[in-house]
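Q: Here is what each chain is made of, one letter per residue.
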Amino acid sequence: MRTKHKILLFTLPWIVYLLVFWLYPISYSLYLSFTDFKLLQGSGDFIGFTNYSNLLSDPVFLTSLKNTFYFVFGTIPVTTVLALIFALLIAEKIPGHKIFQAAYFIPSITAMVVIALIFYNLYSRGGYLFSLCQIAGLSPPENGFLQSEKTALLSIMAMDVWVAIGYYVLIFLAGIKSIPIELYEAARGDGAGFFRRSASITIPLLKSTFAFVIVLNTIRSFQIFVEIFVMTSGRPFNSTLTAVFFIFERGISRGSIGYASAAAYILFIILLTFSLLQFKLINVRKSA
Amino acid sequence: MKKALMLWMVPAFLSIVLFIMIFPMIYMILLSFQEPGSFSLSLRNFGLTLKNYAVVFKSNNFGTYFFNSAFVALAVTAGNIVFCAMVGYGLSRGNIRITWPIFLSAVAMLMVPVHVLILPIFQMMLKFGWFDTYLALIVPWLVAPLGVFLMKQYIDGLPTDLEDAARVDGAGEISIFFKIVLPLCKPALAVLSVQIFLTTWNSFLFPKILTNSSKMYTLPVGLALMQDPRSSDWPVSMAGSTVAALPVIIFFLIFQKRITEGITAGALKQ
Chain A
1 MRTKHKILLF
11 TLPWIVYLLV
21 FWLYPISYSL
31 YLSFTDFKLL
41 QGSGDFIGFT
51 NYSNLLSDPV
61 FLTSLKNTFY
71 FVFGTIPVTT
81 VLALIFALLI
91 AEKIPGHKIF
101 QAAYFIPSIT
111 AMVVIALIFY
121 NLYSRGGYLF
131 SLCQIAGLSP
141 PENGFLQSEK
151 TALLSIMAMD
161 VWVAIGYYVL
171 IFLAGIKSIP
181 IELYEAARGD
191 GAGFFRRSAS
201 ITIPLLKSTF
211 AFVIVLNTIR
221 SFQIFVEIFV
231 MTSGRPFNST
241 LTAVFFIFER
251 GISRGSIGYA
261 SAAAYILFII
271 LLTFSLLQFK
281 LINVRKSA
Chain B
1001 MKKALMLWMV
1011 PAFLSIVLFI
1021 MIFPMIYMIL
1031 LSFQEPGSFS
1041 LSLRNFGLTL
1051 KNYAVVFKSN
1061 NFGTYFFNSA
1071 FVALAVTAGN
1081 IVFCAMVGYG
1091 LSRGNIRITW
1101 PIFLSAVAML
1111 MVPVHVLILP
1121 IFQMMLKFGW
1131 FDTYLALIVP
1141 WLVAPLGVFL
1151 MKQYIDGLPT
1161 DLEDAARVDG
1171 AGEISIFFKI
1181 VLPLCKPALA
1191 VLSVQIFLTT
1201 WNSFLFPKIL
1211 TNSSKMYTLP
1221 VGLALMQDPR
1231 SSDWPVSMAG
1241 STVAALPVII
1251 FFLIFQKRIT
1261 EGITAGALKQ
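Just so you know, the sequences run in chain order A and B. Mapped onto the numbering used here, the consecutive letters of the first sequence carry residue numbers 1 to 288. Mapped onto the numbering used here, the consecutive letters of the second sequence carry residue numbers 1001 to 1270.
No lab work stands behind these hints, which were simulated from the structure alone. Values in this document were obtained by computation on a predicted structure and should not be read as measured data. Note that the Cβ used here is the ideal one computed from N, Cα and C, for glycine as well. One thing to keep in mind: the hints can contain errors.
[Unchecked claim] Distance condition first, Cα-Cα at most 27 Å in a straight line; then the derived DSS-like pairs of lysine-lysine: (1) B/Lys-1186 / B/Lys-1257; (2) A/Lys-4 / B/Lys-1179; (3) B/Lys-1186 / A/Lys-98; (4) B/Lys-1186 / A/Lys-177; (5) A/Lys-66 / A/Lys-150; (6) A/Lys-93 / B/Lys-1179.
[As the list claims (entries may be wrong)] Incomplete in silico selection of chain B near chain A, CB under 10 Å: (7) Gly-1037; (8) Phe-1039; (9) Trp-1141.
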């Protein structure tokens, strides 16, 4: 019994980190959100919910939320469906399946800054994707995809789908691997082809993998930042301004720490609601 | 008909996707060898020059950035190896009524979006006087909740006989941990270290916020701030990108199995 208590000391590093680098900042930030803390002054007064009510009528913040939602709901369905299709095909153990799996994953291990720079070039006027559109007879925006209000956010979303797919292919593949092989053998015996097997065995049994993929991707997509920083800084006309970029811009660049903390908390609450809702929906379906 | 579909149509389709997935990386590498000032690749004046790499290392401090990235990533990885294994061991072998809530706290922190931490951590680092030093880039990241989670799960599956035998022989708890438990954790630690190393090497948001002098930049920060992409010298920019990305890609191709294992291990156990 004594050793069981002594062993608890081994958990100290996490307890210290939990307190100092997680719980303290999370609550400190909540406190800051109720103050008019300015970076330059290094102090601020308690102002109650003023930041929150100002934010909810700040058109720039609302635009950043709108763009973030657009980004999240625009990319996740596409990424999920494509990743599932690729995973189903790769799982058929066709020649070279290992190579496909590895190659699709390469964007996921590459620094986002690097990817954003490459795509900045490809999307620019005269860049490869720009020229490709011209060859296809479409007329790309005159100054490049990232310079037009209509296409900038969409272009970044397309890039995000490209980046994220490999990771989710991998997770779907792991899910498929955990399905008992006997099920497939029975189906093959009954003469079920790829589409039948996928529709009646694989996809229904991947429910919890789906849940995981969607929740994970939601949390990630709501926090999109690096590509905005490198590619557009929110331009043109705030059309690519996302919520985390807003927090960064107001809090760090302009030093309105209090105001930006309130924005961070609003985003936190939205995200929490979404994650809980998604978990709920999934659990309801599971028990049904 | 069905056979033909699986035999060549599916591989053909997946190959086209493969080309789309790796083309930007090939483009990056090839563009980094073109004459300075080129905007994109063209067959007419295809070049093979190392000039851009010279620019990147001589006038852009990439040597320093590379060192900072490597040093920070290695330090963070080393810290996580020791601390997460310790915590995992404590959580796995301690009294469950106490360890369970601690374990749950780690799982809960996995779900906390990091954007809530941006401003308070920035503010804390200023107050500690750690801003723009290695301390800010390393110390807050030494015990990752993901690592605590993975190591606890792994150590749960290890037998306790060896530990008990050592205890009967009068070995101290610390030496039991370092001499018996830690070596047994090697497979899980390999997975964890790859994961932590990659995340730290590629990370941009916190290194950007917590530094403001070029001698402290890591590769992603130096790369993003090197020049305005609107007016940039693309081959130089791509040479810098290649320096940041290629080592990781090669590393991945070598340790592919470990890396993918780590990702799916973290994914499936939830």
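Q: Interface hint check: B/Phe-1039, Cβ to nearest Cβ on chain A, cutoff 10 Å. Holds or violated?
A: holds, 6 Å
Q: What's the verdict on A/Lys-4 and B/Lys-1179, does the C-alpha distance respect the 27 Å limit or exceed it?
A: This hinted pair holds, its Cα atoms lying about 19 Å apart.
Q: With chain A as the partner, please determine if B/Trp-1141 meets the hint condition of a C-beta pair closer than 10 Å.
A: Holds: closest Cβ of chain A sits about 8 Å from B/Trp-1141, inside 10 Å.
Q: With a cut-off of 27 Å on the C-alpha distance, tell me whether A/Lys-93 and B/Lys-1179 pass.
A: violated, 42 Å
Q: For a C-alpha distance cap of 27 Å, please report whether A/Lys-66 and A/Lys-150 respect it.
A: Answer holds: A/Lys-66 to A/Lys-150 is near 15 Å, not above 27 Å.
Q: Can you confirm whether the C-alpha distance between B/Lys-1186 and A/Lys-177 stays at or below 27 Å?
A: holds, 25 Å
Q: May I ask you to test the interface hint for B/Gly-1037 with respect to chain A, counting a Cβ-Cβ separation under 10 Å as satisfied?
A: violated, 13 Å
Q: Can the restraint linking B/Lys-1186 and A/Lys-98 be considered satisfied, given a maximum Cα separation of 27 Å?
A: holds, 25 Å
Q: Between B/Lys-1186 and B/Lys-1257, does the CA-CA distance stay at or below 27 Å?
A: holds, 15 Å
This entry does not satisfy hints 6 and 7, going by the numbered hints stated previously.
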